[in-house]
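My request is simple: use the sequences and hints to build the entire structure.
Residue numbers (our numbering), protein chains in the order written: chain X, 2 to 322; chain W, -7 to 280.
Hints in this document: simulated from the structure, not taken from any laboratory. Heads up, none of these hints are tricks.
Quick list of in silico lysine-lysine cross-link-like pairs, DSS-like style, CA-CA up to 30 Å:
1) K241/X to K12/W
2) K12/W to K130/X
3) K107/W to K166/W
These figures come from a predicted structure and were not determined experimentally.
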Amino acid sequence: MPDTADHVSSSRHDGESTPAVSRWQRYREFRLTEEELATALLAPVVLFLLAVSFYPIIETVRSSFYTGYVIEARPQTFVGLQNYEQLLSNGGFWNSFTVSMIYTFVSVPIELCIGLGMALLLQRSFRGKYITQAAILFPWALPTVINAKIWAWMFHGQYGVINDMLIRIGIFETTFPFLAKPNVALASMTFITIWKTSSFMALILLAGLSGIPDHLYEAARMDGASRWRLFRDITLPLLKPTILVALIFRTLPAFQAFGLPYGLTGGGPGEATTTLVLFDHQLTFTQLAFGRGSAAATIITLIALVISLVYVGTLYEPEVR
Amino acid sequence: MSTKIFGAFDVDSLQRVGEKLGFYGSIGVLVAISMFPVFWIFITSIKQPSNVVQFPVYYLPQQPTLENYRVALEQAPFMRYLLNSIIVAGGTAIVDVVLGALAGYSLSRLRFRFKLPVLLLILGTAMLPFISRLIPLFSLARSWGLLNSYLGLIIPYAAFQLPFAVWIFQAYFKELPDSLEEAGLMDGLSRIGVLFRIILPVSAPAMATTAIIVFIYAWNEFLFALTFMTEDSMRTITVGIALYQGEYQYPWGTISAAVFLSIVPLMLFMLFFQRRVVEGLTAGTGKA
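Here's what the structure looks like:
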């Protein structure tokens, strides 16, 4: 081929060189420049994301300033910040805000600690390791709402196996209605999440552990460092970036909890387990208050962005990068 | 130097045995705690309907029966729900593998202007809560007739998991040696030829990882599935089980049967694809 050399030179290290063949010929033979190829490959992806992710967010923010039913495309009335004022003076909103905050910031740190313990165990190689990993990762793969149903049955106030076990061990004397007492229901929901996602934390941390070079440990051991010192002075500092990734991976989904309260308690008793997203969903699709629903969605988005920015800000601190 | 006690055992080896016991003991406890709920759902599902609501509970059923399964399958189309979930999750996985591979390739191996903004745009959407897009997408799906259709779920799911797919592919493509493409170009292939004949065929592992994790996500999603699928025959398995009501009392026996039916494929899936799942979840996180 006469133009072989030219194509070699137009590979990724030298995108600027001009091909010898005509533009038309390049198109016919699909011999595009990198710029053109990238545009062709990325255009569908970018358009798709703009249409399905960005446009809806802008639309949510816009609707939060209007009343009326988005669903019926009626002419809507601009009401300024009225939806936000109504929302922020609504006890239900603040209740769900508190529920989500407690749920998120209690479950995630506990998951991190348990996950770290699990990761340190799984770090060793042993027989049956893969099947063990499959078994302990199983709770993570279980659909949230199905998980909710399973635990609603296990925590059942009359026939639940948890009650049975606690009575047999001698901790309880009679059955206890876990999901019918407000604070206990929230605690139970938090426990269920910890059960479900600690192994997910563990796997992320395991990847980080495998990135720590062995020679660091060997050298420290030669100097007579204790196991605790090894953990505190080598493992933890080097694991920090991974820990932050794991925290981001878990905090945002926990903050958006919907399926678990929906399937476990329906948000009850009262509103004790009504998370922000559940509250917003009820506002929008039960009460059909689309304007206020959009305002709530906007606030949830802002909080999520603040959480990610705080994490990312910590992640990219100078000593890490 | 080890100290001998009773002339036979030394302290070091005793310690080693103790450590081993502790290690395998902890692993055993972890596996037991992880799998107990599944065991419990299975036990409940094969109990006689009258034995299900009995206290103290029987840990092993008196007379195992498949009665709960018969009732569950008769009263609600669980097989149809499973099929719906397979179609939606499979469709989402296919869309994300295709789009993710194209975008991942461009972002990791091509040079072009606006690379950083495009990358930020794609990855930035990963941080946004799903509810921020629910209400407008619901209105859109409604006016386009996409409620109660597979596409109505595949489109948002694919969009929400695309950042993840792009991340997996670009991390994978970055590791490939430049010589692969150079050899192809040398042989007279076009850029697109290189992509389709050389790069994509060697990216099977990234495709499998992406497909599996996106599939699990779409299989498990609840918020959109609940809101967009209002007709019973279009429900996914998670929505079907969440909304399942028996005719009289709350039917824990039949719910357990339905739940167990939905769990079996998942357990097999995890058993066979565990390594891919782990690789996908941990891609890029280990490199500080």
